[in-house]
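full-length UniProt numbering applies: residue 1 is where the sequence shown begins, and numbers increase by one.
FYI, nobody ran anything at the bench for these hints, they're computed from the structure. Incorrect hints may appear among the rest.
Computed spacing ranges between beta-carbons, pair by pair [as the list claims (entries may be wrong)]:
1. N203 x S239: 28 to 34 Å
2. G464 x N316: 44 to 50 Å
3. N316 x A95: 52 to 58 Å
4. V303 x A77: 30 to 36 Å
5. D389 x D180: 47 to 53 Å
6. T487 x F312: 23 to 29 Å
7. D389 x N203: 33 to 39 Å
8. V318 x E284: 35 to 41 Å
9. W385 x N203: 36 to 42 Å
Being a predicted model, the structure only gives us computed values, none of them experimental. We put the CB at the ideal spot given by N, CA and C, even for glycine.
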Amino acid sequence: MSNAFAGFLANRREALLQVLLIAGSLAALTYTANQFVLRADLTANNRYTLAGASHDIAQTLNDPVTVTAYFSSNLPARFGRTKEEFRALLQEFRAAAGGNVEFQFVNPNEGDQTAREARQAGIRPVTVNVRQQNKMTQKRAYLGAVFQYRDKREVVPFVEPNSALEYTIASTMKKLTADDKPVLGILQGQGEPGLNAMTQLQNGLKGRYDIRTISGVDTAGVPPEVDVLLVSRPESELSTQTALALDQYVMRGGPAIFALNRAQANMRFGQARPQTTGLEPLLESYGLPIRTRLVRDRNASAVRVRQKRGGFTVMNRVRYPYIPQIANFADHPISNGLDQVVFRFVSPLDTTQVDSTAQLTVLARSSQQSGLASLPTSIRPQQEWTVSDFSGASHPVAGLLEGTFSSAFAESDTLSVERTKSPDTKLVVIGDGDFIVNGTGRRKQRLPEGNTNLVANSVDYLAGDTGLISLRTQRVTSRPLMQLEPTTKTVLKYLNVLLPILLVIGYGLVRYRRNRAQRRRWKDAGLST
Numbered sequence: 001m002s003n004a005f006a007g008f009l010a011n012r013r014e015a016l017l018q019v020l021l022i023a024g025s026l027a028a029l030t031y032t033a034n035q036f037v038l039r040a041d042l043t044a045n046n047r048y049t050l051a052g053a054s055h056d057i058a059q060t061l062n063d064p065v066t067v068t069a070y071f072s073s074n075l076p077a078r079f080g081r082t083k084e085e086f087r088a089l090l091q092e093f094r095a096a097a098g099g100n101v102e103f104q105f106v107n108p109n110e111g112d113q114t115a116r117e118a119r120q121a122g123i124r125p126v127t128v129n130v131r132q133q134n135k136m137t138q139k140r141a142y143l144g145a146v147f148q149y150r151d152k153r154e155v156v157p158f159v160e161p162n163s164a165l166e167y168t169i170a171s172t173m174k175k176l177t178a179d180d181k182p183v184l185g186i187l188q189g190q191g192e193p194g195l196n197a198m199t200q201l202q203n204g205l206k207g208r209y210d211i212r213t214i215s216g217v218d219t220a221g222v223p224p225e226v227d228v229l230l231v232s233r234p235e236s237e238l239s240t241q242t243a244l245a246l247d248q249y250v251m252r253g254g255p256a257i258f259a260l261n262r263a264q265a266n267m268r269f270g271q272a273r274p275q276t277t278g279l280e281p282l283l284e285s286y287g288l289p290i291r292t293r294l295v296r297d298r299n300a301s302a303v304r305v306r307q308k309r310g311g312f313t314v315m316n317r318v319r320y321p322y323i324p325q326i327a328n329f330a331d332h333p334i335s336n337g338l339d340q341v342v343f344r345f346v347s348p349l350d351t352t353q354v355d356s357t358a359q360l361t362v363l364a365r366s367s368q369q370s371g372l373a374s375l376p377t378s379i380r381p382q383q384e385w386t387v388s389d390f391s392g393a394s395h396p397v398a399g400l401l402e403g404t405f406s407s408a409f410a411e412s413d414t415l416s417v418e419r420t421k422s423p424d425t426k427l428v429v430i431g432d433g434d435f436i437v438n439g440t441g442r443r444k445q446r447l448p449e450g451n452t453n454l455v456a457n458s459v460d461y462l463a464g465d466t467g468l469i470s471l472r473t474q475r476v477t478s479r480p481l482m483q484l485e486p487t488t489k490t491v492l493k494y495l496n497v498l499l500p501i502l503l504v505i506g507y508g509l510v511r512y513r514r515n516r517a518q519r520r521r522w523k524d525a526g527l528s529t
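Take the sequences, apply the hints, and build the full model.
Right, dumping it as structure tokens:
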């Protein structure tokens, strides 16, 4: 055997040994990785990292939660992303629960039987626009889930794209595992909106709260089992006995939300005048009354109005300062993460009367380009606005009081007042009662998420359940591409086409010059090419 051949065999054995070592190392690494899973969330807002409250809920699962997710396939990108994000979060919950979360994804569009199963489970189909072969078509799609825990069952009929998915999953699991639900009492009897007129708020809280309408408090008082009381937009003035019942509820430590109108707006006649609710003495005594003014703000929603153009009447959209879009919020669990809240004829709070027994947090303010209107006042959308209408001041429209409070009837000689001083409790006061009302029938409207989230967060905070508040307002951050000038777009378009060609030509020239130089060196050395 020649030395050359022996060297060849040695090199071959060495190469084979290196291949075997690499293969063995990869196999060992794969086995180790399967035993010890490393999870890394590289999103900017840690969208796939569970919050502490979600971890707590997952770790309290004593039995498996089974999730059947009904998601159609071949949908537009935003729906596809929602499906993958939902799946990723379920995986995180399964990891946090030690395997006590089981899930499967079903495509209801695969057949009539699976579609029927989805509908029977409570998953309603929605119609989405799909572009196929340069044509826009409509497709029936399913995006929902059914959660099962022991003998309990909860349905998420529609998983909305770009919504707070972690909150959806965590709150659903909490509904399934909760033994006792706090009681949310909603005052009725003075023209307040019923539950059927506040469907968004009801849908956001039902399952985690026992929501009850409370009436007849003037004779029976507020039931002792009520954990949080909501007083929203009474249209008629409350009687003294009703006000006393609410006052005594607060005096025994009951937390409450007061969302009240201090202005009665009549769009038909274009006038707003003061409104009395009967709760003014209570808020005065507690230190946070609502003023008989209206806030107008340059940062406002638009309304449709009739305007004359030549000889014709046309409908135009104009900014209406009496429907302000509030985006100035406090750094507080109730208001953190809120995008905006749209109020209708909101009145400012008087924050000058808070005493040392309570702490005030202004939850929401108007913008710096806002002003106040005394009542009565014209509210016609067609009126001309001037700079003086917007004083450049910011006005508080929602506030939280925490502390002890004195009864509004402490010095009454004619009423039977059991308690004149409260223990530590919490009150939320909002200068508008319409902003959480969807309405009924043909006048029903969908509200901005911030409207219902402000009240739902307040309910959670007053009930002492702050864990899920931050998840409710969690949003997916949109990162649109930077807008470019037309000239820049043209340059980039041609670069995109020509640059690869130029790179290939350049690489060919370099190779050609290098090969030619090498042949010259061989020729100079007397070697043949």
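Hints, verified against the model:
At roughly 32 Å, the beta-carbon separation of N203 and S239 lies within the given 28 to 34 Å, and the hint holds. A hinted range of 44 to 50 Å holds for the C-beta pair G464 and N316, which are about 48 Å apart. For the pair N316 and A95, the beta carbons lie near 55 Å from each other, so the given range of 52 to 58 Å is met. The hint said 30 to 36 Å for the Cβ distance between V303 and A77, and at roughly 34 Å that hint holds.
Between D389 and D180, the C-beta spacing of about 51 Å keeps the proposed range 47 to 53 Å intact. In this structure the supplied range 23 to 29 Å is violated for T487 paired with F312, their Cβ-Cβ distance being about 41 Å. Judged by the Cβ atoms, the range 33 to 39 Å given for D389 and N203 holds: they are separated by roughly 38 Å. Look at V318 against E284: about 37 Å separates their beta carbons, and that is inside 35 to 41 Å.
The hinted range of 36 to 42 Å is satisfied by W385 and N203, whose Cβ atoms lie roughly 37 Å apart.
The structure shown violates just one earlier hint, number 6.
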